[in-house]
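S.K.: Below, each chain spelled out in residue letters.
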Amino acid sequence: MINLNAGAPRGPLAEQWSSYKANCKLVNPNNKRKLDIIVVGTGLAGASAAATLGQLGYNVKSFCYQDTPRRAHSIAAQGGINAAKNYQNDGDNVFRLFYDTIKGGDYRARESNVYRLASISPEIIDLCVAQGVPFAREYGGLLANRSFGGTQVSRTFYARGQTGQQLLIGAYSALSRQIAEGTVKLYNRRDVLDIVVIDGKARGVIARNLVTGELERHSAHAVVLASGGYGNVFYLSTNAMGSNVTPAWSAYKKGALFANPCFTQIHPTCIPVHGEFQSKLTLMSESLRNDGRIWVPKEKEDAEQLRQKKIIPEQIHESKRDYYLERRYPAFGNLVPRDVASRAAKERCDEGYGVGTSGRAVFLDFSDSINRLGVEAISARYGNLFQMYERIVDDNPYQTPMMIYPAVHYTMGGLWVDYELMTTVPGLYSIGECNFSDHGANRLGASALMQGLADGYFVLPYTISAYLSNEIHTPAIQTTLPEFHSAIQGVSDRIDQLRNTKGKTSVDHFHKKLGKIMWEYCGMSRSEAGLQSALGMIGELKEEFISDVRVPGGMKEYNPELEKAWRVQDFIELGDLMVRDALQRKESCGGHFREESQTSDGEALRDDEKFAYVAAWQYKGNSAEPAMHREELRFDTVKPSQRSYK
Amino acid sequence: MALAGLFLSAFLVVHLSINLLLMADDGGKAFTAAASFMATNPFIRIAEVALFGGFLIHMLFGVGVSFRNRMSRPVRYQHKSRSETSPMSRYMVHTGIIVFIFLVLHFIDFYCIKIGLVAPPAGIERHDFYSRSMLLFSDKGYSGIYLICFLFLGFHLNHAIQAAFQTMGLNHSKYTMIIKALSTTYAVIVAGGFITIPFWFIFLR
Amino acid sequence: MNFTLKIWRQKNAADKGGLVTYTVGDISADSSFFEMLDQLNQLLIGKGEDPVSFDHDCREGICGTCSLYINGRPHGPLKGTTTCQLHMRSFRNGETIFVEPWRCGAFPVIKDLIVDRSAFDKIIQAGGYVSINSGGIPDANTIAVPKPNADAAFDAAACIGCGACVASCPNASATLFVAAKVSHLALLPQGRVEGERRVRKMVETMDHLGFGNCSNTYACEAECPKEITVANIARMNREFLAAKLFADKEKQVSFSL
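Residue numbers (the working numbering), protein chains in the order written: chain F, 1 to 646; chain U, 1 to 205; chain S, 1 to 257.
Everything labelled a hint here was simulated from the structure, so no lab data went into it.
Certain hints may be false.
Unchecked claim - Each computed DSSO-like pair below joins lysine-lysine, with the alpha-carbon atoms no more than 27 Å apart:
#, chain 1, residue 1, chain 2, residue 2
1, F, Lys639, F, Lys103
2, F, Lys542, F, Lys504
3, F, Lys512, S, Lys47
4, S, Lys47, S, Lys79
5, F, Lys610, F, Lys103
6, S, Lys47, F, Lys504
7, S, Lys16, U, Lys80
8, S, Lys47, F, Lys564
9, S, Lys47, F, Lys502
10, S, Lys11, U, Lys80
11, F, Lys254, F, Lys620
12, S, Lys79, U, Lys80
13, F, Lys34, S, Lys122
14, S, Lys122, F, Lys185
15, S, Lys6, U, Lys80
16, S, Lys11, S, Lys122
17, F, Lys502, F, Lys564
18, S, Lys147, U, Lys174
19, F, Lys512, F, Lys564
20, S, Lys11, F, Lys564
21, F, Lys513, S, Lys47
22, F, Lys586, F, Lys542
23, F, Lys504, S, Lys11
24, F, Lys564, S, Lys6
25, S, Lys79, U, Lys174
26, S, Lys47, F, Lys542
27, S, Lys122, F, Lys32
28, S, Lys11, F, Lys502
29, S, Lys47, F, Lys556
30, F, Lys516, F, Lys586
31, F, Lys185, S, Lys201
32, F, Lys556, S, Lys16
33, F, Lys556, S, Lys11
34, F, Lys516, S, Lys79
35, U, Lys180, S, Lys79
36, F, Lys586, F, Lys513
Claimed, not checked - Partner residues aside, some chain F positions facing chain S, computed with beta carbon under 7 Å:
#, residue
37, Thr68
38, Ser506
39, Pro552
Every residue, glycine too, gets a C-beta built ideally from N, C-alpha and C.
Excised from the complex, chain F in its bound form:
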């Protein structure tokens, strides 16, 4: 059993980070430029980290699979970013943000990390504003806030519905400045396929140049993974098409532990799937639930008629509609948290009350609000969202109810990291969505942007110096070392294997199949029996993939099918781990709902006695079962309580 110790400084929660900073070892400027750091990924976490490390004078190599750092998927975040600024004078403070995040995460996150996150949050806003991020403002010229995700204070900063984009452009600009100054070298259109570990320390990566197909060796004194989440294991998700688990997965295979892989966030308000060839799901902002009422027909016959398009929703009389969230959760109604709303929608559809041609959708109806507030007021609030919906679905939400369905949106699980954001492999760090640290079993709205930027701008640049201060005598790592040779050989063998299988089935086919298994058995609600059968199906899929995948095109050229094949193979293996993790967690918590663990009225039942721990998985070889280690979670400051929205 590995002893998982987060290594947070002793002392009261509120003083831990300042005490860490006061005592942390530093690297002298002369030595910084002799130290190389690889940063994989250029989203909010990766770009902010690379830029800041470059400013400090380290030699940074930044990698992204996109054609430019500015396209990383952080760009798609809509809602906003939380910060305990208390600009609205509504009683917000660091502790309250900390408390809300711990509680929202259903008491499965580490107190020390979350407190640090909350205490850093105000600085993030200061920095982003100074970078020129055009946050929404009041007429007086100061920053505006809104309330988001059901919190009682208005602490969310936003830039229309494109907060992620604006923050990412801020980080990308800072990164561009360092590229111009020569402290950061950019490697775009690169897939990082393996992590090179020498004498137990992370010392480099093997990357494939996606344009030429060339395999490249890159060395460094430390490697930082900021490669994002793994929602695409479900095939259909709100992630970008290229989002993948590959860098994190290769770290896992090189000895880094993977924590809480089964914790997935399913967002309730996405546009439903329209057909077999759909490639991607689109999120509609959660704010829609402020004015929309969610319902399905009370009678199954009506639902059937709707599915066959024999009637339209407006024909169903008020008394024949089931506003199921208002019925089940009178206190919160349509504003229950994401996980609760998502599960309730699935439950109705599973029971046969779903609408839309597929039967996998529920209505989000604005007619009451339009009658109450007028079309103009609704259009001012949601005009762009309604427009987006109409563009995709070809229905006018002013006239007919929207249809929504839950979709995979964010993954709380990820590489296990300690207080310093270092994985169990020395010199290998993980930041942003790629790690598991701050959101527990469920992430609150507007917290992902906060975490990515906190890690990159303000945490990692300090904590990495603690490690690098011991590396100042290590000369530049040679890429001719045998560990690089064997790593590159391994990558090239696997590519050959993929290309030489010459089977009959395309990569997408396997990906879709995996997605269906994961969605069905390891999605919104999970059961022992379902998970057991999923384990078998994934095993078969893994074999089938190895023997029957078809990857056209060559190795030394631009070959998107080859990229996908590598990613999907990793996803299949990850799927197996997620199912194992879901199996061992026999409680319901946050995004993880175990059917065996619910109250008499069907609500999630958490089990703090047995499951107040982080499950961190260790790779034991391709055919062996992974081993699980526990980091026990201690709640010294907040007392865990059951969430209730009745």
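Given chain F, put chains U and S in place with the hints provided.
M.R.: Coordinates of chains U and S only, in the frame set by chain F:
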């Protein structure tokens, strides 16, 4: 280029107002007086140098820029562009060349005769622009070419004036619509004004 | 629905390339343009042919990766829409659709419909930022920004860097892209500090990279998926003229510690 263009546009107004005197029913007295003022006044002589300079700069820049612009897309699209653009803005160099051709003709017909490079037609004195104009406009072919050239000048100006404002950074949510309207009005008046003269010669006289 | 596709195929940067005709059938009107191409690629893979390469990533209209020139227009026939948000219901059943890559000397083709847009990164690297470090920043509310300026800055900052402006411009000019960044920062007090240097450097870099000049055709504005206006170009021109005419010569300051 924008500045030179605006300068040339100002010149066009002067030229037009003198030309319109051709239509005065006084046997060319007013026109000749204006023409000889233009030919002898020392300030105008200096302005004339600036005018040649303006033309030269405008044309050299224009041709240079459009050459560079063509070079910046070495492989062209297979499908014709369907992007909406400001009217005729794609064809500024083309309309410009048509205007230039007219300018060459105009030069031969008037300026070269004035300075004695080319012999005037029989019976017309070197400085007698009025009779020269009368003779040219009585030729239907010449009038036709003249008409077409000024039509294209109109297209050129319609885009050019407002574009010059934009190039110099003068774009405003309130005033740009006005500038665009004035630009079109100007183009219609100038091109229309010049075109009126051959019409008047052919049909009304 | 059925379509005839004329798609630009080009093996690599050195290959000459040309249009190849394909037909696809049984396409749902609700499919996105990319989902239609996905189906074509599944067909090609089935037949053992090389699938068509195209750039795409978020498929929700924000990352700016997608870059198809469809029937003579970047991002196809809809206004204010990226290729990934274009659906097949915008086309007639049986229609012939031309699909080409962005064309510009500064955007060389990598393969098929994919071009290299790193020239845009170079322009941003020349000055599309506020030169500050992460740390020691005063409270965000110490800077008041008039709301109209903040809103206009946002409008300009909405640029997704897709390059449709360059693709649509008869001169392959990147002026709207540069102007959007210059405007975004020029409208905010934070960005004003180094405004003169920024506009000069960015414009010079753009010229140096081989983009064409702006001749005010406004095709860029008509095609920009984020509907960024040419008023930003005028603002950049103002900034540029002022920087060129009135700014002092940059002095080299030498110092020793």
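S.K.: Give a verdict on every hint.
M.R.: How the hints compare with the structure:
Of the supplied pair hints, the one linking Lys639 of chain F and Lys103 of chain F holds, its CA atoms being roughly 9 Å apart against a limit of 27 Å. Restraint check: the Cα-Cα separation between Lys542 of chain F and Lys504 of chain F comes to about 15 Å, which is no more than 27 Å; the hinted pair holds. Under the criterion of a C-alpha separation no larger than 27 Å, the hint pairing Lys512 of chain F with Lys47 of chain S is consistent with the structure, at around 20 Å. For a cut-off of 27 Å, the pair hint linking Lys47 of chain S to Lys79 of chain S is broken: about 36 Å separates their Cα positions.
Between Lys610 of chain F and Lys103 of chain F the CA atoms are separated by roughly 18 Å; this keeps the pair inside 27 Å, and the hint holds. Proposed proximity of Lys47 of chain S and Lys504 of chain F is supported: the alpha carbons are some 10 Å apart, at most 27 Å. The straight-line distance between the Cα atoms of Lys16 of chain S and Lys80 of chain U is roughly 20 Å, inside the 27 Å bound, and the hint therefore holds. Only pairs whose Cα atoms come within 27 Å are accepted, and Lys47 of chain S paired with Lys564 of chain F is accepted, the gap being roughly 19 Å.
Under the criterion of a C-alpha separation no larger than 27 Å, the hint pairing Lys47 of chain S with Lys502 of chain F is consistent with the structure, at around 13 Å. Distance hint between Lys11 of chain S and Lys80 of chain U is fulfilled; the C-alpha atoms sit about 24 Å from each other, no more than 27 Å. Between Lys254 of chain F and Lys620 of chain F the alpha-carbon distance is near 10 Å, which keeps this suggested pair within the 27 Å criterion. Taken as a hint, the Lys79 of chain S and Lys80 of chain U pair is honoured in the structure, with Cα atoms around 18 Å apart against an allowance of 27 Å.
At roughly 26 Å between alpha-carbon atoms, Lys34 of chain F and Lys122 of chain S fall within 27 Å of each other, so this suggested pair holds. Taking the CA atoms of Lys122 of chain S and Lys185 of chain F, the gap is about 13 Å. The hint holds against a cut of 27 Å. Straight-line distance between C-alpha atoms of Lys6 of chain S and Lys80 of chain U comes to about 14 Å, which keeps the hinted pair within the 27 Å bound. Only pairs whose Cα atoms come within 27 Å are accepted, and Lys11 of chain S paired with Lys122 of chain S is accepted, the gap being roughly 26 Å.
Taken as a hint, the Lys502 of chain F and Lys564 of chain F pair is honoured in the structure, with Cα atoms around 15 Å apart against an allowance of 27 Å. A distance of roughly 19 Å separates the Cα atoms of Lys147 of chain S and Lys174 of chain U; the hinted pair therefore holds under the 27 Å criterion. At most 27 Å may separate the alpha-carbon atoms for a hinted pair to count; Lys512 of chain F and Lys564 of chain F meet this at roughly 12 Å. The hinted pair formed by Lys11 of chain S and Lys564 of chain F meets the criterion: a straight-line CA distance of about 19 Å does not exceed 27 Å.
Proposed proximity of Lys513 of chain F and Lys47 of chain S is supported: the alpha carbons are some 21 Å apart, at most 27 Å. Between Lys586 of chain F and Lys542 of chain F the CA atoms are separated by roughly 26 Å; this keeps the pair inside 27 Å, and the hint holds. The hinted pair formed by Lys504 of chain F and Lys11 of chain S meets the criterion: a straight-line CA distance of about 24 Å does not exceed 27 Å. In summary, the hint linking Lys564 of chain F to Lys6 of chain S is supported, as the alpha carbons are separated by about 25 Å, within the 27 Å threshold.
Between Lys79 of chain S and Lys174 of chain U the alpha-carbon distance is near 24 Å, which keeps this suggested pair within the 27 Å criterion. For the proposed pair Lys47 of chain S and Lys542 of chain F, the alpha carbon gap of about 24 Å is at most 27 Å, so the pair holds. Taking the CA atoms of Lys122 of chain S and Lys32 of chain F, the gap is about 26 Å. The hint holds against a cut of 27 Å. Proximity of Lys11 of chain S to Lys502 of chain F is assessed by CA-CA distance (about 21 Å); at most 27 Å being required, the pair is judged to hold.
Between Lys47 of chain S and Lys556 of chain F the alpha-carbon distance is near 22 Å, which keeps this suggested pair within the 27 Å criterion. Of the pairs offered as hints, the one joining Lys516 of chain F and Lys586 of chain F holds, with about 22 Å between alpha carbons and a cut-off of 27 Å not exceeded. For the suggested pair Lys185 of chain F and Lys201 of chain S, the alpha carbons sit about 20 Å apart, so the restraint of at most 27 Å is met. Distance hint between Lys556 of chain F and Lys16 of chain S is fulfilled; the C-alpha atoms sit about 19 Å from each other, no more than 27 Å.
Under the criterion of a C-alpha separation no larger than 27 Å, the hint pairing Lys556 of chain F with Lys11 of chain S is consistent with the structure, at around 12 Å. A C-alpha spacing of about 35 Å is found between Lys516 of chain F and Lys79 of chain S, which places the hinted pair above 27 Å, so the restraint is violated. About 23 Å separates the Cα atoms of Lys180 of chain U and Lys79 of chain S, which keeps this hinted pair within 27 Å; it holds. A threshold of 27 Å between alpha carbons decides the hint, and for Lys586 of chain F with Lys513 of chain F the separation of about 26 Å falls inside it, so the pair holds.
Residue-level restraint check for Thr68 of chain F holds (minimum Cβ-Cβ distance to chain S is 5 Å; threshold 7 Å). With 7 Å as the threshold, the beta carbon of Ser506 of chain F comes within range of chain S, its nearest partner Cβ sitting at about 5 Å, so the hint holds. The criterion of a C-beta within 7 Å of any C-beta in chain S is met by Pro552 of chain F, whose closest approach is roughly 6 Å, and the hint holds.
Violated hints, listed in ascending order, are 4 and 34; each of the other numbered hints is respected by the structure.
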